[in-house]
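Undergrad: Model the full assembly from the supplied sequences, consistent with the hints where possible.
If you want the building blocks of each chain, they are given just below.
There are 2 protein chains.
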Amino acid sequence: MTSKKTINFFYDVVSPYSWLAFEVMCRYRNVWDVEVKLRPAFLGGIMQKSGNKPPGLVPNKFLYMTKDLQRLAQYVDVPLSPPDDPFEAMFQKGSLAAMRFVTAVQEREKDGDRQVEQVSRELWRRIWSENKDITEPASLSEVPEYLTGMTVKYLALSQGLLIFLQAAKKAGLSDSEIKEVLELCTTQHIKDKLINTTQEALDVGAFGLPMFMYRVNGNAEIFFGSDRFELMAHCIGEKWLGPQPHKSTSKM
Amino acid sequence: MTSKKTINFFYDVVSPYSWLAFEVMCRYRNVWDVEVKLRPAFLGGIMQKSGNKPPGLVPNKFLYMTKDLQRLAQYVDVPLSPPDDPFEAMFQKGSLAAMRFVTAVQEREKDGDRQVEQVSRELWRRIWSENKDITEPASLSEVPEYLTGMTVKYLALSQGLLIFLQAAKKAGLSDSEIKEVLELCTTQHIKDKLINTTQEALDVGAFGLPMFMYRVNGNAEIFFGSDRFELMAHCIGEKWLGPQPHKSTSKM
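Chains as they are written, first to last, in UniProt numbering: chain A, 1 to 252; chain B, 1 to 252.
Given that identical chains are not distinguished, each listed pair holds provided it fits within a single copy or across any two copies.
SDA-like cross-link-like pairs, simulated, lysine to any residue; straight-line CA separation at most 20 Å:
1. Lys239 with Asp227
2. Lys53 with Leu63
3. Lys37 with Asp111
4. Lys53 with Asp85
5. Lys169 with Glu130
6. Lys53 with Tyr64
To be clear, the hints were calculated from the coordinates, so they are not data collected in a lab.
TA: The structure is reproduced here in structure tokens:
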């Protein structure tokens with residue numbers, strides 16, 4: 001039994017603020033006395049069910065977000081650079097297939113969460129750093145050889161398939177692991193797992209992502225966005241050393 | 001001539017996040033090498049003209065804000081406690097009369113901004129700490145004696161008049177100063193000044209309040225909300241010492 005606080009980190013790779021929060025949270029895993037549980041969720045479902053509207057619909061807010069993200073990315077030291085059409089990437093294309101893929105990676109990984117961390121990071125990098133589309137269907141001719149034998153229909157229709165494969169490869173998954181993940185992706189179990197995680201986030205009060213949640217005497221405490229670390233640190237009795245704790249510590 | 005950076009702080013006393021940001025900004029006036037210019041503006045106009053919607057319309061967001069404000073207030077050390085009906089106070093009653101009053105205080109005060117700072121603080125305290133209404137019209141019998149002679153109609157109809165008077169008194173304004181401010185309140189000059197400040201905020205990109213703005217080579221840099229101090233400090237080359245810089249400094 002451990003008395004460590006468990007911080008659930010709900011995120012979606014379509015959300016750039018989730019990326020910033022994710023990298024900072026990953027850096028603090030070994031600085032704060034907490035356990036971090038990565039909780040891939042579906043932002044589209046959270047927005048729709050909570051009745052929230054994308055911030056990008058207000059022109060001044062959208063302009064601000066673009067600038068705010070650039071400034072924060074530089075300060076937090078995350079190589080984020082918005083895609084050609086950030087509004088389309090964030091709010092119109094969606095991330096259902098991508099988040100099912102991440103959920104399947106997590107489901108397959110029994111020991112720790114190194115793979116789900118790496119795959120998530122690679123997907124963010126592709127959308128938010130390399131301007132790649134995670135929703136284009138792959139053509140059959142592009143499907144790599146090691147996947148022959150899998151349902152052709154799934155492979156051809158699957159949105160973003162090639163990007164997922166590249167991300168998984170770069171994250172260090174083997175061909176056979178990737179095959180397993182792809183087979184898992186389409187199962188009802190994985191679809192349900194993503195739905196359930198998203199519903200759990202909504203039940204404790206989500207209206208967007210990223211969201212942090214830990215329990216105090218059974219009650220959920222939530223923090224929304226990438227800008228509540230200092231406050232959260234205060235609430236859990238830990239120290240905020242800025243978004244780059246290792247640099248900051250070495251300076252002191 | 002001074003090379004100090006001037007930070008324009010746009011705010012409305014109806015906004016609780018503005019209060020938190022205001023107190024932190026006031027504390028840093030003497031810590032950072034900056035000049036702070038208080039810019040009373042009208043939140044209702046900014047929301048309407050930018051096409052933004054109150055966050056309180058999304059139930060999960062409203063619940064979160066209430067909790068977030070309590071936690072932040074405690075951390076920032078501002079005696080904020082939400083009124084009985086925060087939604088009504090924030091989004092339905094409005095603050096036009098209050099912000100004209102604050103604008104008039106600022107207009108009358110020639111030397112510095114001690115009075116406008118104090119009056120703003122007292123108004124926040126009344127709504128956000130003492131659950132008082134800033135929009136109730138005063139009845140004629142409640143109007144203090146020193147104001148006799150002023151337009152009876154204005155006094156009777158003016159929303160929140162008694163609360164403004166109390167705030168101004170507590171902020172240290174004399175009876176004659178208060179009388180001058182009340183006379184200014186209804187002039188076209190003050191109405192226009194509030195409109196112009198609000199429009200200036202919109203022109204540089206506002207979609208809500210509080211908002212910070214300074215210029216770099218003539219271009220406006222804006223920061224929205226009470227949670228960008230650490231980033232703003234980084235951008236202007238100053239040090240973030242937490243929301244209570246004097247406590248934090250003395251500890252180091």
